[in-house]
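Q: The residues making up each chain are set out below.
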Amino acid sequence: MKKKVIYFIGFLVTIGILSAITFLPLPSLLAWQSGFLSRAFFVLTFCFSMCLLRIALGPTLSDRAVAIDTLGILIVGFCAILSIPTGRDWYLDIAIAWALQSFVGALALAKYLEGRGFDE
Amino acid sequence: MKPRLILFVFMFIIWMFLGWNINTHNVIAGLLVAGVITLVMGNLFASTPHYFGHGTKYLWFLWYVPVFAWECLKANIDVGRRILSPSLPINPGIIKVRTTIKSDIGLTILANSVTLTPGTLCVDMDIEKGFLYIHCIDVGSYDMDKYALGIVDKFERILKKIFY
Amino acid sequence: MNDIQYIAGYALIVIGMGFDVLGCVGLIRLPDAYNRLHATTKCITLGTCAILFGTFILKGFCVTGAKAIICAVFILAISNVVGHALARSAHKSGVKLCEKSAIDKYKEDGN
Numbered sequence: 000m001k002k003k004v005i006y007f008i009g010f011l012v013t014i015g016i017l018s019a020i021t022f023l024p025l026p027s028l029l030a031w032q033s034g035f036l037s038r039a040f041f042v043l044t045f046c047f048s049m050c051l052l053r054i055a056l057g058p059t060l061s062d063r064a065v066a067i068d069t070l071g072i073l074i075v076g077f078c079a080i081l082s083i084p085t086g087r088d089w090y091l092d093i094a095i096a097w098a099l100q101s102f103v104g105a106l107a108l109a110k111y112l113e114g115r116g117f118d119e
Numbered sequence: 000m001k002p003r004l005i006l007f008v009f010m011f012i013i014w015m016f017l018g019w020n021i022n023t024h025n026v027i028a029g030l031l032v033a034g035v036i037t038l039v040m041g042n043l044f045a046s047t048p049h050y051f052g053h054g055t056k057y058l059w060f061l062w063y064v065p066v067f068a069w070e071c072l073k074a075n076i077d078v079g080r081r082i083l084s085p086s087l088p089i090n091p092g093i094i095k096v097r098t099t100i101k102s103d104i105g106l107t108i109l110a111n112s113v114t115l116t117p118g119t120l121c122v123d124m125d126i127e128k129g130f131l132y133i134h135c136i137d138v139g140s141y142d143m144d145k146y147a148l149g150i151v152d153k154f155e156r157i158l159k160k161i162f163y
Numbered sequence: 000m001n002d003i004q005y006i007a008g009y010a011l012i013v014i015g016m017g018f019d020v021l022g023c024v025g026l027i028r029l030p031d032a033y034n035r036l037h038a039t040t041k042c043i044t045l046g047t048c049a050i051l052f053g054t055f056i057l058k059g060f061c062v063t064g065a066k067a068i069i070c071a072v073f074i075l076a077i078s079n080v081v082g083h084a085l086a087r088s089a090h091k092s093g094v095k096l097c098e099k100s101a102i103d104k105y106k107e108d109g110n
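Chains as they are written, first to last, in numbering that gives the first Met the number 0: chain A, 0 to 119; chain B, 0 to 163; chain C, 0 to 110.
Calculated from the structure, these hints are not laboratory results. Just so it is clear, the structure is predicted and the values come from calculations on it, not from any experiment. Treat the hints loosely; a few may be bogus.
Said to hold, decoys possible - Just some of the chain C residues that point at chain A, by a computed CB distance under 8 angstroms:
1) LEU11
2) PRO30
3) LEU36
What the hints assert, rightly or not - Think about it this way: if two alpha-carbon atoms lie no more than 25 angstroms apart in a straight line, the pair counts; the simulated SDA-like pairs of lysine to any residue are:
4) LYS1/A / LEU11/A
5) LYS56/B / LYS91/C
6) LYS106/C / LYS3/A
7) LYS106/C / LEU106/A
8) LYS91/C / ILE27/C
9) LYS95/C / ILE27/C
10) LYS56/B / ILE13/B
11) LYS56/B / ILE69/C
12) LYS160/B / TYR63/B
13) LYS160/B / ALA28/B
14) LYS95/C / ASN90/B
15) LYS91/C / ASN90/B
16) LYS106/C / GLY41/B
17) LYS160/B / LEU61/B
18) LYS3/A / GLY17/C
19) LYS3/A / LYS1/B
20) LYS95/B / LEU106/B
21) LYS1/B / LEU106/B
22) LYS160/B / ALA76/C
23) LYS153/B / ASP123/B
24) LYS95/C / LEU11/A
25) LYS95/C / PRO85/B
26) LYS106/C / PRO85/B
27) LYS2/A / LEU87/B
28) LYS91/C / PRO30/C
29) LYS91/C / ILE67/A
As the list claims (entries may be wrong) - Using C-beta positions, here's what the derived DEER-type ranges look like:
30) ASN42/B / TYR6/A: 50 to 56 angstroms
31) GLY104/A / PHE16/B: 41 to 47 angstroms
32) GLY9/A / ILE5/B: 28 to 34 angstroms
33) ALA10/C / VAL12/A: 22 to 28 angstroms
Backbone N, C-alpha and C define an ideal beta-carbon position, used for all residues, glycine too.
Generate coordinates for the entire structure from the input sequences, incorporating the hints supplied.
A: What follows is the structure, encoded as structure tokens:
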């Protein structure tokens with residue numbers, strides 16, 4: 000019973016935040032943003048806050064490692080959306096470099112959790 | 000010599016895609032960077048160079064891509080349905096699957112494909128005996144051996160044509 | 000042609016963001032680290048690849064589109080390996096499977 004109440008509250012909050020992002024008339028934050036892309040940034044910010052919540056309350060270190068890796072992949076999508084209205088191609092350079100750096104970081108974290116040396 | 004040449008050409012093509020403009024500076028910088036990478040990495044990339052000349056392997060790989068994409072889409076819809084349903088219908092467990100692929104690159108691509116199929120995640124592999132340990136999100140009421148065959152053999156049938 | 004390009008590109012971006020939201024909700028809801036890896040390796044990977052393909056379709060064959068394709072291929076190759084490594088390290092460092100789990104062949108084999 001208690002679990003169903005928690006599920007229902009979470010469902011309402013999620014739907015409420017997403018519909019508020021989608022339907023409310025937002026003031027345009029920067030001059031070049033069209034309405035769609037500014038809302039896309041808010042949806043991805045919602046995803047980032049979910050990952051940060053998991054990093055804050057994950058019970059073990061592995062959960063935090065999973066959330067950090069997820070955050071790295073989401074930032075790649077953020078950079079890709081950012082390159083559409085500006086037309087700058089170096090945002091995707093940042094995306095590629097961030098993906099590779101996140102890969103190396105996650106592998107090092109996995110080796111540390113496994114209890115092996117870095118030279119194996 | 001041949002694996003180094005394949006690595007050199009591959010790195011140069013990636014560099015030209017990243018730079019996109021074909022002019023003198025770009026080509027010279029690409030040749031330098033690809034040469035340095037080839038000197039450092041050696042023959043780690045292409046350990047079996049004679050397989051790069053077989054034309055039928057490329058055709059099998061082209062057939063592998065849509066099969067893989069369809070499985071990936073099904074996986075996402077399956078995981079999304081499980082996440083959104085209120086009672087959280089999961090029944091996880093780690094099972095053991097036998098595979099017959101022997102080569103390193105074939106096992107790597109098989110494990111990566113298994114990770115993207117619905118409800119399975121490769122945890123570890125035993126290379127000598129040929130076992131994959133797979134974490135399933137829904138073990139279910141299947142017969143264990145029968146279910147274990149159904150996970151792998153879609154990809155294994157095609158991958159055995161490409162890698163040995 | 001231009002209208003079809005715009006509609007297909009923005010539709011792919013919307014689909015990708017929907018899968019991203021699903022993956023992040025799964026990251027909160029599912030019970031243990033292995034099940035969370037199921038959500039992230041599948042949903043987040045396909046969502047981000049859909050956003051990158053949408054960028055490619057919106058921009059066409061230019062420097063941004065080529066970089067988007069290369070980035071999508073990198074992510075498809077990377078996230079599986081990271082999921083594999085994190086699952087193995089979680090099992091080696093002693094993270095238990097959740098209470099609903101039925102079977103653990105990996106522990107039975109003495110690893």
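Q: Are the hints correct? Go through all of them and say.
A: Comparing the hints with the structure gives:
1. At its closest, the beta carbon of LEU11/C sits 11 angstroms from a beta carbon of chain A; the interface hint therefore is violated under the 8 angstroms criterion.
2. Here the hint on PRO30/C is broken, as its CB sits about 10 angstroms from the closest CB of chain A, past 8 angstroms.
3. With a least beta-carbon distance of about 6 angstroms to chain A, the hint placing LEU36/C at the interface is held under the 8 angstroms criterion.
4. Restraint check for LYS1/A and LEU11/A: satisfied, since their Cα atoms lie roughly 15 angstroms apart, inside the 25 angstroms limit.
5. Distance hint between LYS56/B and LYS91/C is unfulfilled; the C-alpha atoms sit about 37 angstroms from each other, more than 25 angstroms.
6. About 33 angstroms separates the Cα atoms of LYS106/C and LYS3/A, which puts this hinted pair outside 25 angstroms; it is violated.
7. About 23 angstroms separates the Cα atoms of LYS106/C and LEU106/A, which keeps this hinted pair within 25 angstroms; it holds.
8. At roughly 23 angstroms between alpha-carbon atoms, LYS91/C and ILE27/C fall within 25 angstroms of each other, so this suggested pair holds.
9. The hinted pair formed by LYS95/C and ILE27/C meets the criterion: a straight-line CA distance of about 18 angstroms does not exceed 25 angstroms.
10. With a C-alpha separation of about 22 angstroms, the suggested pair LYS56/B and ILE13/B falls inside the 25 angstroms cut-off, and the hint holds.
11. Using a Cα cut-off of 25 angstroms, the hinted pair LYS56/B and ILE69/C holds, with the two alpha carbons roughly 22 angstroms apart.
12. Distance check on the hinted pair: LYS160/B and TYR63/B sit about 10 angstroms apart at the alpha-carbon level, within 25 angstroms; holds.
13. For the suggested pair LYS160/B and ALA28/B, the alpha carbons sit about 38 angstroms apart, so the restraint of at most 25 angstroms is broken.
14. A hinted pair counts as satisfied when its Cα atoms are at most 25 angstroms apart, and LYS95/C with ASN90/B qualifies at roughly 15 angstroms.
15. Simply put, LYS91/C and ASN90/B have alpha-carbon atoms about 22 angstroms apart, close enough for the 25 angstroms limit, and the pair holds.
16. Pair hint LYS106/C plus GLY41/B does not hold up; C-alpha atoms about 38 angstroms apart against a cutoff of 25 angstroms.
17. Under the criterion of a C-alpha separation no larger than 25 angstroms, the hint pairing LYS160/B with LEU61/B is consistent with the structure, at around 12 angstroms.
18. With a C-alpha separation of about 24 angstroms, the suggested pair LYS3/A and GLY17/C falls inside the 25 angstroms cut-off, and the hint holds.
19. With a C-alpha separation of about 63 angstroms, the suggested pair LYS3/A and LYS1/B falls outside the 25 angstroms cut-off, and the hint is violated.
20. A C-alpha spacing of about 15 angstroms is found between LYS95/B and LEU106/B, which places the hinted pair at or below 25 angstroms, so the restraint holds.
21. Only pairs whose Cα atoms come within 25 angstroms are accepted, and LYS1/B paired with LEU106/B is accepted, the gap being roughly 23 angstroms.
22. Only pairs whose Cα atoms come within 25 angstroms are accepted, and LYS160/B paired with ALA76/C is accepted, the gap being roughly 21 angstroms.
23. Annotation: proposed proximity of LYS153/B to ASP123/B holds, straight-line Cα distance about 20 angstroms (limit 25 angstroms).
24. Pair hint LYS95/C plus LEU11/A does not hold up; C-alpha atoms about 32 angstroms apart against a cutoff of 25 angstroms.
25. For the hint linking LYS95/C to PRO85/B, the alpha-carbon distance of about 24 angstroms falls within 25 angstroms, and the restraint holds.
26. The suggested pairing of LYS106/C with PRO85/B is violated, with an alpha-carbon distance near 31 angstroms, which exceeds 25 angstroms.
27. For the hint linking LYS2/A to LEU87/B, the alpha-carbon distance of about 11 angstroms falls within 25 angstroms, and the restraint holds.
28. Using a Cα cut-off of 25 angstroms, the hinted pair LYS91/C and PRO30/C holds, with the two alpha carbons roughly 19 angstroms apart.
29. Between LYS91/C and ILE67/A the alpha-carbon distance is near 19 angstroms, which keeps this suggested pair within the 25 angstroms criterion.
30. Restraint check, ASN42/B to TYR6/A: a C-beta distance of roughly 55 angstroms satisfies the suggested window 50 to 56 angstroms.
31. At roughly 25 angstroms, the beta carbons of GLY104/A and PHE16/B sit outside the given window of 41 to 47 angstroms.
32. In this structure the supplied range 28 to 34 angstroms is violated for GLY9/A paired with ILE5/B, their Cβ-Cβ distance being about 52 angstroms.
33. Roughly 27 angstroms separates the CB atoms of ALA10/C and VAL12/A, a value that falls within the hinted 22 to 28 angstroms.
In the structure shown, a violation is registered for the earlier hints numbered 1, 2, 5, 6, 13, 16, 19, 24, 26, 31, 32, in ascending order.
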